[in-house]
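2 protein chains.
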Amino acid sequence: MSARKLTFIPGPIEFSDDVLAAMSTPSQAHTSPEFIKVFQSVLIKTRKLFNSSVDSKSQPFIISGSGTLGWDICGSNLLNPDDNVLVLSTGFFSDQLANCLKIYSNNIDILESPKFGSSIDLIEFESKLKLDKSYQMITITQTDTSSGVLNNIEKISKIIKLYQPNALIVVDAVCATACETLLFDSWGIDYVLTASQKAIGVPSGLSISIASERAIEKAFKKEKPNSFFADMKRWTPIMKAYEDGRGAYFATPAVQLIHALNVSLDELLINDSISENVKLHKIASDNFKDKLVNELGLTLVPISRDVAAHGLSVVYYPDGIVGSDLLTKMAENGFTIASGIYKDYKDKYFRVGHMGVAAIGARKIELDQCFEALKLSLSQLGYTN
Amino acid sequence: MSARKLTFIPGPIEFSDDVLAAMSTPSQAHTSPEFIKVFQSVLIKTRKLFNSSVDSKSQPFIISGSGTLGWDICGSNLLNPDDNVLVLSTGFFSDQLANCLKIYSNNIDILESPKFGSSIDLIEFESKLKLDKSYQMITITQTDTSSGVLNNIEKISKIIKLYQPNALIVVDAVCATACETLLFDSWGIDYVLTASQKAIGVPSGLSISIASERAIEKAFKKEKPNSFFADMKRWTPIMKAYEDGRGAYFATPAVQLIHALNVSLDELLINDSISENVKLHKIASDNFKDKLVNELGLTLVPISRDVAAHGLSVVYYPDGIVGSDLLTKMAENGFTIASGIYKDYKDKYFRVGHMGVAAIGARKIELDQCFEALKLSLSQLGYTN
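Top to bottom, those sequences are chains A and B. The first sequence maps to residues 1042 to 1426 in my numbering. The second sequence maps to residues 1042 to 1426 in my numbering.
These aren't lab readings, by the way, just hints derived from the structure by calculation. Errors might be hidden in some of the hints.
Think about it this way: if two alpha-carbon atoms lie no more than 30 Å apart in a straight line, the pair counts; the simulated DSSO-like pairs of lysine-lysine are [to be verified]:
no.	chain 1	residue 1	chain 2	residue 2
1	A	K1370	A	K1416
2	A	K1281	B	K1281
3	B	K1263	A	K1143
4	B	K1389	A	K1078
5	A	K1384	B	K1265
6	B	K1098	B	K1320
7	B	K1098	A	K1265
8	A	K1263	B	K1262
9	B	K1089	A	K1370
10	A	K1384	B	K1262
11	A	K1332	A	K1384
Just chain A, same shape as in the assembly (with noise of 0.2 Å):
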């Protein structure tokens, strides 16, 4: 066991320590060439993240705050009050996003999934957009991580290209970065928000995200801004300087944050891409949620194993088991991992993150260990399967 508790939480995971000891990266002006060049390079990997090329136009942010932000920098750039949004939920953070939205616009439809722990209907998706009106805005959250749900990106931008071409597609992919398949032009996205410290692998601190040449325009064309901090149109301008290896300045960036990126964006992308890395989350999380099934006789909240996301296991508690007594006991035996969080569901199951070098890098033996401390936690509280 760890001298300290690990964090097996859906975000922040544990970090590398090369990650760690860029976060100590001496003071570095943010338009001197040293950092500017450190910028350029985590903004070019960003579009590899992200399975973005610079010739489709696309524009990536990378800014100082956290996944939250994102939703705001969607809602006050790319929407107009009276635009139609229809939100897709499978939790608690697609409404949260919804909740956001509706600062910007006055027309917020929320289409929930069938049951909580299902993913969203694509027939009756389908038919909402056939016979409803039209969206100028639809999104998706790819990984929910209050219900460890995943949504299938590629087949519900394909339902939208084919009913609402005109509509932007969003995904909310905080939980899914870098632990999922997202291709960002070939299926035609126009906007993805995630975080960093989640399967990016690098502390909170970081809004990271990236707009379409359509989304990029409709935001150019809006004649009020909404945010000044988060407004794309000041931030694009700055974000290509650097990328084109200029210094720029509208707010000072988070220079060790960014480069932390810098050295986990490295670690992330293989032979120039971040398959294989997907590649891996999809293995540990296979192993992980048949141990907690077969040989824990638990049950997981999403309803079948292709709707559940990679990142994380969304798990009920069994029978007989008190909620807090069991993160209690993990956290002696070593682990942090995280209660539930969507309505009246929430104190029934607990979610484990495996994300990150703790669960697929060097040091992925932790989750194995994970995974014997929560059998001994349950064992403890007298749980037999």
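We have chain A already, so just place chain B on it with the hints.
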């Protein structure tokens, strides 16, 4: 000379070894007991940074972002569209604050200082408040980092209290907190915003601010929020929970930056007060400016020493010296200093930051070395006094 260039711009500044070490704190869950204790300590100490007690019912906010986010927090929470706002401008950053507030109110007036390098004319300001319309908000940039001009917040707030006691008093203290005096409670300030990377001595990535009871009340009365991520209504219960030693979640805090802030605040608060730290900055600043003027014969941008800020020196290039040449030479001699940034003046002056550990702390000899490098660089460029 140090093995790397030292950063003597007006932020980010050089950081202490202990602060940088805290940036590498291994992962902790944002709601773990370990992190809650640290965030609680940070919030309690942040009150001391601003000279504000719990009894005043003020509310500190520490949010992932930059100083710029503080402007949006101010505008989106404390303004209604018809509010009259008066922005006192002493440079680029005051003007940018006005540009931000224009998003949230349609009535932004700007009172500029009489000329570049002067502070707000208090007689002109007083007349304006006596005769002009009534304002719901008046903003002051304590130190405008573009001009190095210091405004007298104590005098300005007294004038506001006398003629327009209902106006919210907002202070942009980004380059002033911890190196200039600010008594939040006793001067009756309503909102102060700052950032981590200046005299607070923590890498960039945190927006740090504090709101008065009446500011919070106005924010809570707003029917429709203008922002999700910057919403005081959503953040207030979170900050209160952490200050009370409980965890709460709205958006993931920047765990490592908050650890670094905890260490830095311990370095800044001597006998539980920020005043000694402020005093040391005044001594270091006076000494540095004396040498610039007396030894090198240079001219400061601030028109008199009583309006010159203490966290940086803003200096005209002497005749015959090309700005970019001096900055390049300084880099060769081991120091990053900053160019000008204000309108037509920007190529006429340079800026040297002198805050934190390398100016007043254990490494304060580095500020002397910076001065020597400046002397050398000027002489290498043929300047003779």
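Verification of the hints:
A hinted pair counts as satisfied when its Cα atoms are at most 30 Å apart, and A/K1370 with A/K1416 qualifies at roughly 11 Å. Restraint check: the Cα-Cα separation between A/K1281 and B/K1281 comes to about 39 Å, which exceeds 30 Å; the hinted pair is violated. For the given pair, B/K1263 sits about 15 Å from A/K1143 by alpha-carbon distance, which is consistent with the 30 Å threshold. Between B/K1389 and A/K1078 the CA atoms are separated by roughly 27 Å; this keeps the pair inside 30 Å, and the hint holds.
A distance of roughly 24 Å separates the Cα atoms of A/K1384 and B/K1265; the hinted pair therefore holds under the 30 Å criterion. Straight-line distance between C-alpha atoms of B/K1098 and B/K1320 comes to about 28 Å, which keeps the hinted pair within the 30 Å bound. With a C-alpha separation of about 35 Å, the suggested pair B/K1098 and A/K1265 falls outside the 30 Å cut-off, and the hint is violated. Our distance criterion of 30 Å between C-alpha atoms is met by A/K1263 and B/K1262, whose separation comes to about 28 Å.
The hinted pair formed by B/K1089 and A/K1370 fails the criterion: a straight-line CA distance of about 37 Å is larger than 30 Å. At most 30 Å may separate the alpha-carbon atoms for a hinted pair to count; A/K1384 and B/K1262 meet this at roughly 27 Å. A C-alpha spacing of about 28 Å is found between A/K1332 and A/K1384, which places the hinted pair at or below 30 Å, so the restraint holds.
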